[in-house]
Structures are given as structure tokens and as C-alpha cells.
Amino acid sequence: MATTAINRAPFGGFSFENCKRNALIEGEASKVGCSLPSARKTGTTICGVVFKGGIVLGADTRATEGMVVADKNCSKIHYISPNIYCCGAGTAADTEMTTQLISSNLELHALSTGRQPRVATANRMLKQMLFRYQGYIGAALVLGGVDCNGPHLYSIYPHGSTDKLPYVTMGSGSLAAMAVFEDRYKPDMEEEQAKQLVRDAIAAGIFNDLGSGSNIDLCVITKDKVDYLRPHDEANQKGVRTGDYKYKRGTTGVLTTVVQLLNLEVVEETIQTMDTS
Amino acid sequence: MLSSLSFGDTGKMKEYHYTGAVEHRFSPYAFNGGTVLAVAGEDFAIVASDTRLSEGYSIHCRDSPKCYKLTDTTVIGCSGFHGDCLTLTKIIDARLKMYKHSNNKMMTSGAIAAMLSTILYGRRFFPYYVYNIIGGLDEEGKGAVYSFDPVGSYQRDTYKAGGSASAMLQPLLDNQIGFKNMEGVQHVPLTKEKAVQLVKDVFVSAAERDVYTGDALRICLITKEGMDEQTIPLRRD
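Chains as they are written, first to last, in our numbering: chain A, 593 to 869; chain B, 93 to 329.
Simulated from the structure, these hints should not be mistaken for lab results.
In this text the structure is predicted, and so the values were computed from the model without any measurement.
Here a beta-carbon is modelled for each residue, glycine too, at the ideal position from N, C-alpha and C.
Treat each hint with caution, since some may be false.
[Stated by the list, open to error] Each computed PhoX-like pair below joins lysine-lysine, with the alpha-carbon atoms no more than 20 Å apart:
| hint | chain 1 | residue 1 | chain 2 | residue 2 |
| --- | --- | --- | --- | --- |
| 1 | A | Lys838 | B | Lys286 |
| 2 | B | Lys316 | B | Lys234 |
| 3 | A | Lys840 | A | Lys664 |
| 4 | A | Lys838 | B | Lys272 |
| 5 | B | Lys234 | B | Lys286 |
| 6 | B | Lys316 | A | Lys840 |
[What the hints assert, rightly or not] Cβ pair distances, simulated, as ranges:
| hint | chain 1 | residue 1 | chain 2 | residue 2 | range |
| --- | --- | --- | --- | --- | --- |
| 7 | B | Asp155 | A | Val832 | 36 to 42 Å |
| 8 | A | Lys830 | B | Tyr213 | 41 to 47 Å |
| 9 | B | Asp155 | A | Lys778 | 57 to 63 Å |
| 10 | A | Gly842 | B | Asp155 | 43 to 49 Å |
| 11 | A | Asp836 | B | Ile183 | 55 to 61 Å |
| 12 | A | Ile863 | B | Tyr121 | 48 to 54 Å |
| 13 | A | Lys830 | B | Gly318 | 30 to 36 Å |
| 14 | A | Lys830 | B | Tyr121 | 32 to 38 Å |
| 15 | A | Gly842 | B | Gly318 | 40 to 46 Å |
Let's have the full structure, built from the sequences with the hints guiding it.
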């Protein structure tokens, strides 16, 4: 049987073609004195709590690039399945891609079993993937959901270890949030009490940790419903500027103008507003 | 101590570890954050700073202003390593007293600037980790701003930003006060009210994007009548 080497398109997963080149570039760059761009981290506070009847997950909304805020309102609570959601801390791209991958696989799995997916299944899939990559995928997750066996909450570390607990916190603000939990957590709380507790824990992270900030997102999961509250609490308003900094037309000097007419017909028009405050 | 998110040599992510010195050599410096700004007008000067003192990912103090009054007509803003800021201002105060007693007059802004340059260069090989900006009135009563680097190089400016958010503030000041990169705009001289409003707006913007800047803003307005202080709140997250 003849084996032919076919150039097939990369089918999912990671491609390590650039690793050697990157190592070379890094060597060259450090000689000259500059550094390679680093991955954006979320420097975060995320937490989760089990209450009577379900799970409350909470997260802040700041994404930092070094010590500069890159995104003031990013979403850190990711969808896994209709009854399971996951908060992510660590490298932003890693948490996003990992949760999307497991969400996709879990949906296929649910179709195959014909049953609602279980939180333990999502946990298994996540930990097996993270362990396979030996910590190189920097994703620290708080996984929570309600399935046929009740509410479950897991914390998952980048190297692949998991803990099943009634209350968990992750991220750079985890100590501030855990301090609040250790003070006020009680088993079998009511929904409003649990929401207030998670809100206060994230607020502790937002105000006492420099890597966390802006607003508080909450996700309440019970057997019957999922409340994705984004934002649940705008703990920090954007500062108001008193001066007017709009420029008149012609302030930017124009050096040359080249006009090229395009013959197009409008098929569809959509408007996307941007924040001009 | 200087600390950062630790990535091991292999590139794997270690545990979040923001305030320990376990893996690092002892470093005599720490970075305590903070931003300072000074603007000179025709007959006034403004020195403003935020009041947050931080280290790593934690906040030490929300009410630690970085402007220090030296004389009735001069204020210095110091940001960087707080330990060196305190020591440096103590030394400057002592030298001011010595000058006053031996020369029977107060030091002028220009003289303080020249003296500070020599003090900083005296520690050329173990520098004060402080970014200084002096703001005040010169002998003629006009506004003066002197900006320094950690080892004593200085120059007189019209406006200068220093500290952690300096790279965000300086281009905005260049545009709004220096009228750079704008065409066909009338160069109106800067009034006191406009300058204070600009300083407030600029810090509000810096607090949005720089994690080290926030909590409150202290503005010192120096005129021939004296020094006027005001504090306004900023984002606390």
C-alpha cells in the first residue's frame, strides 16, 4: 500500500511550527534590548458559591496588559452548556479558547448520551486537557452548574488539579474574595443572601487588588433558570471629564489627498455604536 | 520589594505570588506607584499628584499624597520608591534650613532645582529611586517647572508628567498645553481655571487605565498669594 504524504489543512489543536522561530527571535531581541509582546492576562477576581438550590458565580470585568488596563468591561463568565457556566482567570486567550473547546465537546457528548451534561463531565474534560499541556495553558477556572445530581462547584488550576468545594475563589484578587467568604459563608443560604455574598467578595477583590476592577458580573444557576447578570453591579463609574476635548475639522494637518471612486451598491446597512464619552 | 507575576524558567505559570521575595535576590528598591504632574502658567504653578501608595498588586495606603511643600513658593512632587521619597524630602528640608540660616533668605525655585540635582548626582552609584518634579514661582513671579531623572539631570519646562502614568499624560499635555500636532488653533495663554480643570480631567483619564493611579487627586496651586490645596476623589478600584 502506497503511503502518500498529503499536505492537509491543520485540523484544530495547537500548531508548534513557530516555536523554534520565536526562541530565535527572543534571543536576538534580548541582545538588542527589547522584549517579545507578552500574552494579555486577566489579573482577576473570580469566585463561586453553592447555595440552597443552585450556584452563584461572580467575576470582575477588568483585563490588564502588564499594569495598564486593556479592557474595562470584559466578560469572564463563559458559557459551557445551558446548565453549566465557567469563570476564567489567567491568560485571557487560554480561558476563552479552553472553555469554548470544552463547551463544544460537551454539546456533542450530550447529543450522544441524550442526557443533560453533568458538571463532573465538564470538570473531567477540562482537567484532562490542562494536565495534558502540563501548565502551559494558563487557565485557572471556577466551574459551576446544576445537573441531575444537584448543584456542583469546582476550581480548576492550570496544571490540571481540581477541587470540589462549597465556595471557591481564583485570580490575583482571590485572597481578598476568600477573606469575605471565610467570614460570612454559611451552608444552605437563600439566593439573595448568596448573591450579596458573592457581590461583596468580588467587590473586595475590585477595591483591594490592583489587577481587578470595574464592574461585578454575576451568574445564578438553578435547576429551573439561569440568570446571567451583566453587569450586576456597576461598582465603579467612569470618571466624568469637565472639559471639552473635541477637535474642529481641519485641526489635523492634511499633507496629500488621493480620491478613488468605488462603484458599490448598498446591500445591507448596520450601525454599531461606539463609546465616545 | 520588587515583585512580579512569577513565570518559571521553563515558561510554565507558577502560582500567583505577588508579595514574596522568596525567588528573587534581595532588592533594595520597591516600586510604590503614583503619578505626579506640574504645570507652569504666566503667574501661577500647579503641582498635582494622586494619593495611592501601592506595591505589587496591593494597596498600602489610599491617602498618601506625593506633593511636598518646600517653601511658600515651591512644591516638589516625588514618585517612585516611597522610602527614598521620604528621605529625599527630609534632606531637602534640612538643606533649605541651612541655606536660610547662613544666607538670611529663602531659596528660590531655581536654586532648589540646582541643589536637588547635586544631591541626586551625589548618589550616582546607588541612586534615589525617585522621579522628581519641582513646581513654583521664580524670582520674577512667573511659573516654573523643573523635571528631574533619578540621577539629577534636570531642565526647566512649561509642563511635565512623571511617575507610572506619565506616558499616558505627557502626550495629552503636549497637545492641550503645548498645542502640538494641531493646525489652525489659536494659542490662548493658559488661565488658572483652565489649567486646574485640565489637570483634573487628565488624572481622571489616567485613573481609568493605569492600575497604580487612583483613590484621590491632590492639587497644589501656587500663586503670589500663597499655596492653595484641594483634594478630589478618583476611582478606587
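Status of each hint after checking the structure:
1. A:Lys838 - B:Lys286: Holds, at about 16 Å.
2. B:Lys316 - B:Lys234: 9 Å, holds
3. A:Lys840 - A:Lys664: With a Cα-Cα distance of about 28 Å, the restraint between A:Lys840 and A:Lys664 is violated, given a limit of 20 Å.
4. A:Lys838 - B:Lys272: It holds: about 15 Å lies between the C-alpha atoms, which stays within 20 Å.
5. B:Lys234 - B:Lys286: 17 Å, holds
6. B:Lys316 - A:Lys840: Cα-Cα ~36 Å, so violated.
7. B:Asp155 - A:Val832: 36 to 42 Å: Violated, since B:Asp155 and A:Val832 (Cβ atoms, about 22 Å apart) do not stay within the stated range.
8. A:Lys830 - B:Tyr213: 41 to 47 Å: With a Cβ separation near 43 Å, A:Lys830 and B:Tyr213 satisfy 41 to 47 Å, so the hint holds.
9. B:Asp155 - A:Lys778: 57 to 63 Å: Violated: the Cβ-Cβ distance is about 35 Å, outside 57 to 63 Å.
10. A:Gly842 - B:Asp155: 43 to 49 Å: 45 Å, holds
11. A:Asp836 - B:Ile183: 55 to 61 Å: 43 Å Cβ-Cβ, so the 55 to 61 Å window is violated.
12. A:Ile863 - B:Tyr121: 48 to 54 Å: 51 Å, holds
13. A:Lys830 - B:Gly318: 30 to 36 Å: 35 Å, holds
14. A:Lys830 - B:Tyr121: 32 to 38 Å: 34 Å, holds
15. A:Gly842 - B:Gly318: 40 to 46 Å: 43 Å, holds
When each numbered hint is compared with the structure, violations occur for hints 3, 6, 7, 9, 11.
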